[in-house]
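Peer 1: Sequences and hints are given; from them, build the entire structure.
2 protein chains.
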Amino acid sequence: MGLRRIDAIAPSNRGLNYGDGVFETMRVHRGALPLWSRHLARLREGTDRLGIALPDVAFVEARIAAVIHGVDAGVLKLLLTRGDGGRGYAPPAEAPPVWMLALHPLPASTPAGLRLHACDTRLAAQPALAGIKHCNRLEQVLARAEAERAGCDEGLMCDAEGRVVSATSANLLVHRDGRWLTPPLERCGVAGVLRGWLLEHGLAETRDLSMSEVESADALALCNAVRGILPVSTLGARAWSPHSAITDLQARLAMAYPMFSESVEAA
Amino acid sequence: MGLRRIDAIAPSNRGLNYGDGVFETMRVHRGALPLWSRHLARLREGTDRLGIALPDVAFVEARIAAVIHGVDAGVLKLLLTRGDGGRGYAPPAEAPPVWMLALHPLPASTPAGLRLHACDTRLAAQPALAGIKHCNRLEQVLARAEAERAGCDEGLMCDAEGRVVSATSANLLVHRDGRWLTPPLERCGVAGVLRGWLLEHGLAETRDLSMSEVESADALALCNAVRGILPVSTLGARAWSPHSAITDLQARLAMAYPMFSESVEAA
Numbered sequence: 001m002g003l004r005r006i007d008a009i010a011p012s013n014r015g016l017n018y019g020d021g022v023f024e025t026m027r028v029h030r031g032a033l034p035l036w037s038r039h040l041a042r043l044r045e046g047t048d049r050l051g052i053a054l055p056d057v058a059f060v061e062a063r064i065a066a067v068i069h070g071v072d073a074g075v076l077k078l079l080l081t082r083g084d085g086g087r088g089y090a091p092p093a094e095a096p097p098v099w100m101l102a103l104h105p106l107p108a109s110t111p112a113g114l115r116l117h118a119c120d121t122r123l124a125a126q127p128a129l130a131g132i133k134h135c136n137r138l139e140q141v142l143a144r145a146e147a148e149r150a151g152c153d154e155g156l157m158c159d160a161e162g163r164v165v166s167a168t169s170a171n172l173l174v175h176r177d178g179r180w181l182t183p184p185l186e187r188c189g190v191a192g193v194l195r196g197w198l199l200e201h202g203l204a205e206t207r208d209l210s211m212s213e214v215e216s217a218d219a220l221a222l223c224n225a226v227r228g229i230l231p232v233s234t235l236g237a238r239a240w241s242p243h244s245a246i247t248d249l250q251a252r253l254a255m256a257y258p259m260f261s262e263s264v265e266a267a
Numbered sequence: 268m269g270l271r272r273i274d275a276i277a278p279s280n281r282g283l284n285y286g287d288g289v290f291e292t293m294r295v296h297r298g299a300l301p302l303w304s305r306h307l308a309r310l311r312e313g314t315d316r317l318g319i320a321l322p323d324v325a326f327v328e329a330r331i332a333a334v335i336h337g338v339d340a341g342v343l344k345l346l347l348t349r350g351d352g353g354r355g356y357a358p359p360a361e362a363p364p365v366w367m368l369a370l371h372p373l374p375a376s377t378p379a380g381l382r383l384h385a386c387d388t389r390l391a392a393q394p395a396l397a398g399i400k401h402c403n404r405l406e407q408v409l410a411r412a413e414a415e416r417a418g419c420d421e422g423l424m425c426d427a428e429g430r431v432v433s434a435t436s437a438n439l440l441v442h443r444d445g446r447w448l449t450p451p452l453e454r455c456g457v458a459g460v461l462r463g464w465l466l467e468h469g470l471a472e473t474r475d476l477s478m479s480e481v482e483s484a485d486a487l488a489l490c491n492a493v494r495g496i497l498p499v500s501t502l503g504a505r506a507w508s509p510h511s512a513i514t515d516l517q518a519r520l521a522m523a524y525p526m527f528s529e530s531v532e533a534a
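Protein chains in written order, with my numbering: chain D, 1 to 267; chain W, 268 to 534.
There could be a bad hint or two in this list.
Which residues of chain W face chain D? A few of them, derived with a C-beta cut under 8 angstroms, are [what the hints assert, rightly or not]:
#1 I331
#2 G380
#3 H401
#4 T435
A few chain W residues that don't get close to chain D, going by computed Cβ distances all over 10 angstroms [claimed, not checked]:
#5 D287
#6 R354
#7 Y356
#8 G418
#9 L452
Hints were generated in silico from the structure; no laboratory data involved. Backbone N, C-alpha and C define an ideal beta-carbon position, used for all residues, glycine too.
Peer 2: Shown next, in the form of C-alpha cells:
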C-alpha cells in the first residue's frame, strides 16, 4: 500500500462521515511514549475488529518519534480513519487508511480530588464495539455535557441495566474491602491502557458494580493513560477524604512510570 | 453567530474525532429537494437532542439552491458537525457548527429486487440517539461489510433482543395480512423521511417484528429518501415474487413525488 502525505482531510473521509476510525491519546514523557506498546496493542485490536487496515507500524513510529522529539511532557493523539469514500456505509475495498498525529500540551493538574457527576446518559451494550477506542463517541459527548452543566470535572456512566461502567474519558477504580475493583467492559466502555496495566499486575480486579456499591466505597479513583490515577472527592452528595489506598496505588504506578509521579505529589 | 467559509476540515473537527454531527442524504429533482421540509425537521430534531447549534436555515437553503441549480437528478448530502475543538469530549461552549454540502450522482437503479442478508451485527439500544441521523455509524459500517461479503445488496439488522429494526441505509416494510408494517424506532435505528411520510398517510403502521415474522411476510420492501420503495427479492434462503402491494405503494408515492416514478417502472 503506497503512502501519501495529505494536506487536508477530504470531505469524504469516513471518520468525518461515520466516525469510522480509532484513536489513541498518549502521554509524552521526555521525547518518548512510555505506554506505546499498550496503545499499539489496543489500536491493533480496534483495526482488526473494525476491518481497518493498520498503517505500516515502523513508519508510524518514525513519524511519532519525529513529532515528539525534544518534547518533555505533552499529549499525543493518533487518529486513524478507514480512509475516504466507499459506497455509503460499505467500506471501500482498497482505500488506504488516513491517519494523523496531533501534539497537545499536558492538561493542567486538577485539585486534590475530582468531582464526579452521575450521568443520565447510558452506555448502550454493543459487544462488537466494546473495549476498543473507536470514534463513535456521542454517548461520551452527551454525558460530558451533563457533567459540565452540573459543574463537575467528570461524568460517571452506567449501562442500561444500571451497572456502573466508567467515566467519560477514564476508567473507574472502586476500593471496597481492601481491594481495588473495576467494572468489566465486555458490553460497553473503553478498555483503558492503565486499567490494563493495573489488572495485569494484580493491583485491581474486575467486578460488576452497582451505583450504591460505588457510593458506599471506601475510596474512588479514575485512571487514564494521560493523567494516571486521580482521586475522586465527590459523587453527587457523597464525599470522600484522601485515602492511603489511592496514594499507595499512585506510588506503585510511579515506580513503573515516573511520569505519573507528579500526580502523587499533587495528591 | 458569524459565518465563515472554510477551505478544509480542521484536524480538530468533532465530526472527524467523535462522529459528533448529523447528516441528511437527499434526492435532488429538477433543481429542487422535494422532501426538504422533512429532512430539515429531522435535522432540527438531531441538533436539538445533541445540543448542536443549527446554522441559519435561510442561509443553508440559499447555499443548497445554488448547489442544485440546474441539476436534473442527483443526491445532495448535508453534513453538519458540532465544529472544532473543545476539551476532549466536552462540547465547546461557543464554537460555530461546521457544515458542508456534497452533490453526488443518483445511484444506478437496482435490478427487479434486492437481495438482503441477515446481519450478525446488532443495533444497540440507545434511546438518546435513536431516530436521528447522527454520525456514529460503525454498526451500519460493520453490518454493510457483512452484506457485501455475503454478496448481497443490503443488510437487515436486529436489536440485541432479536427484533428486526431496519436495513443499514433504509427502513423496512413488511407486508402481512394485507397491511404494511414497519418496526418502531424508539430504541435504535434511523427514522427515515419516507417511512415518516408512509406512516403519516396511513400507508404503513409500526409493529415489533421478529425475524420469523419477516421471513414469513407476503412481501418485503425497503424505503429511503433517495431511492424510494424498493422490492426485496431474497432474504437468505427465502425468495419473494413481485407483489402488487409493492407496486401499489410505489404508485401512491409516485403520485405525491413523481421523482420516484422511475422505480415503479423498474419494478
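Peer 1: All the hints need checking, so say for each whether the structure fits it.
Peer 2: Comparing the hints with the structure gives:
no., hint, verdict
1, I331, "violated, 16 angstroms"
2, G380, "violated, 19 angstroms"
3, H401, "holds, 6 angstroms"
4, T435, "holds, 5 angstroms"
5, D287, "violated, 5 angstroms"
6, R354, "violated, 8 angstroms"
7, Y356, "violated, 4 angstroms"
8, G418, "holds, 13 angstroms"
9, L452, "holds, 14 angstroms"
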